[in-house]
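Peer 1: Make one complex out of these two single chains by using the hints.
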Amino acid sequence: MTGSFFFYFFAAVTLTSALLVVLNRNAVYSAVLLVFCFFSLAVIFLLLEAYFLAILEILIYAGAIMVLFLFVIMLLSLGREKAQEHFRYLQRGLSLFLVIVFFLSVLIIFLSDSGILHQPHGTFTAGGVNALGEALFTKYLLPFEVASLLLLVALIGTVYLAKRKV
Amino acid sequence: MVDLNTYLVIGALLFSLGIFGVITRRNGVAVLMGVELILNAANVNFVAFARFGGMDLSGHIFSLFVIILAAAEAAVALAIILNIYNNMGTINIDEADQLKQ
Numbered sequence: 001m002t003g004s005f006f007f008y009f010f011a012a013v014t015l016t017s018a019l020l021v022v023l024n025r026n027a028v029y030s031a032v033l034l035v036f037c038f039f040s041l042a043v044i045f046l047l048l049e050a051y052f053l054a055i056l057e058i059l060i061y062a063g064a065i066m067v068l069f070l071f072v073i074m075l076l077s078l079g080r081e082k083a084q085e086h087f088r089y090l091q092r093g094l095s096l097f098l099v100i101v102f103f104l105s106v107l108i109i110f111l112s113d114s115g116i117l118h119q120p121h122g123t124f125t126a127g128g129v130n131a132l133g134e135a136l137f138t139k140y141l142l143p144f145e146v147a148s149l150l151l152l153v154a155l156i157g158t159v160y161l162a163k164r165k166v
Numbered sequence: 001m002v003d004l005n006t007y008l009v010i011g012a013l014l015f016s017l018g019i020f021g022v023i024t025r026r027n028g029v030a031v032l033m034g035v036e037l038i039l040n041a042a043n044v045n046f047v048a049f050a051r052f053g054g055m056d057l058s059g060h061i062f063s064l065f066v067i068i069l070a071a072a073e074a075a076v077a078l079a080i081i082l083n084i085y086n087n088m089g090t091i092n093i094d095e096a097d098q099l100k101q
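Chains A and B, in that order, give the protein sequences.
So for the first sequence, our numbering puts the first residue at 1; every next one is plus one.
So for the second sequence, our numbering puts the first residue at 1; every next one is plus one.
Chain B on its own, in the form it takes in the complex (with noise of 0.2 Å):
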């Protein structure tokens, strides 16, 4: 069977390739598939812990309340997104530097 390491390789990878999406994109909501992708690697640590780690009830909890986390960052971020598109015309997070002046 599977082992721990490998899901924990798998949440890992998972987890850096969306520190690599968050970094690289321009897109605002591209960035926002980067940072699920984040709350999915952390998710798969918890299950695989729960599952061999002794963990057993609360890393299902714990993931239960990353996925509740997740729609309530997402539905907050979108909007955040939208506002940002209404007042400059643009969701590339390079061009929304006004704070900076």
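The following block holds chain A by itself, in its conformation from the complex (with noise of 0.2 Å):
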């Protein structure tokens, strides 16, 4: 029940940063609060025995793509407006309260005897990283070479793009 427990935890995480992430004004905080969104998602991937998805997950999108965003919105400079003072105590007693939560619920698992963490489903082993890079090795060769050559033209496009012109 542990589990199930999580699910609705990080699924209400992962809606609530979302929804937030679509009604705030300030790119700088909606771009913040999507990267705390894809955490969230990365954890129900973990829930779903998607192991090597959900690293994916945080570094790609939490990590080069988000990166990317902040980048252009610092670029850009769309985050002028100054961080309202009264806000600051909320911010700080809140992520406190959150650290503690996250730690609690950590110590929680760790001392409960029930090995939640690895549960196994029958043979599901599909979201481990042997078996999807021996599938993409070999039954799906193709669309792995098409999405490098995807890449590569999306690289050149952007460099394109975004260069001065001379």
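No lab work stands behind these hints: they were computed from the structure.
Given the structure is predicted, the values throughout are model-derived calculations rather than measurements.
Take the hints with a grain of salt, since some may be wrong.
[Said to hold, decoys possible] Ranges between beta-carbon positions, derived for each pair:
hint, chain 1, residue 1, chain 2, residue 2, range
1, B, Gly89, A, Asn130, 46 to 56 Å
2, A, Leu23, B, Asn5, 23 to 33 Å
3, B, Gln98, A, Tyr8, 42 to 52 Å
4, B, Asn5, A, Val129, 22 to 32 Å
Glycine included, each C-beta is placed from N, C-alpha and C at the ideal position.
Peer 2: Written as structure tokens, this is what we have:
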């Protein structure tokens, strides 16, 4: 049952942060909340036993793509609005509360004797790196190569679009 | 345990939020964030079907390609937004209407 509790908790976090991404007027806040949303989505992927995809979600989405977004936001100086002073204490209190909740939930997992983190479900091993890599280089070799071509095209297009005209 | 329908509902809600963002935001970068939410909703559906719907490995491979596409799309779209800003001095997508005239 702890698994479903985790699911509902992180689903609520995902949806709330997605809602705030959409509603927030400040682009920088939106971007940071989107990173938060991606992290909780990665946890949902973990609960679905998609281990490699959860890592990729954090590495590519929360890492690479959002850094790109933040760079563009900074470059265009969109986040010029000042931080509200009266939110500061609320912010500190809230982040402290969240850290404590996170720590306690991790503690509960480690202290409960049943191995919640290692529940095998039959012979389902598709989420691991081995099965995924093998499929990627045998059955899905052509889409894989096409994807690399697509990335090359996107790279060239981006460099062409972003460079100063000479 | 949580069943397939719950995951699909989560995916649908994420998708709707992304659509809402794409429609309501004026800021070009924020519109792109809505697109990212939509792509992630598709990812949630793919992985949920892989786990519950017998789509085994294909679901994971598909969401892998969705992530690759999202990376390429974000890079090109942000370069286009930079160009719009250089040419028009704004990234308000309502004001970028030169093609309309």
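Peer 1: Given the range 22 to 32 Å, decide if the beta-carbon distance of Asn5 of chain B to Val129 of chain A lies inside it.
Peer 2: holds, 29 Å
Peer 1: Has the hinted range 23 to 33 Å been met by the Cβ atoms of Leu23 of chain A and Asn5 of chain B?
Peer 2: holds, 27 Å
Peer 1: For Gly89 of chain B and Asn130 of chain A, compare the CB-CB distance with the range 46 to 56 Å and indicate the outcome.
Peer 2: holds, 52 Å
Peer 1: Gln98 of chain B and Tyr8 of chain A, beta-carbon distance inside 42 to 52 Å?
Peer 2: For Tyr8 of chain A against Gln98 of chain B, whose Cβ atoms are near 48 Å apart, the range 42 to 52 Å holds.
Against the hints set out earlier in the document, no violation occurs for any number.
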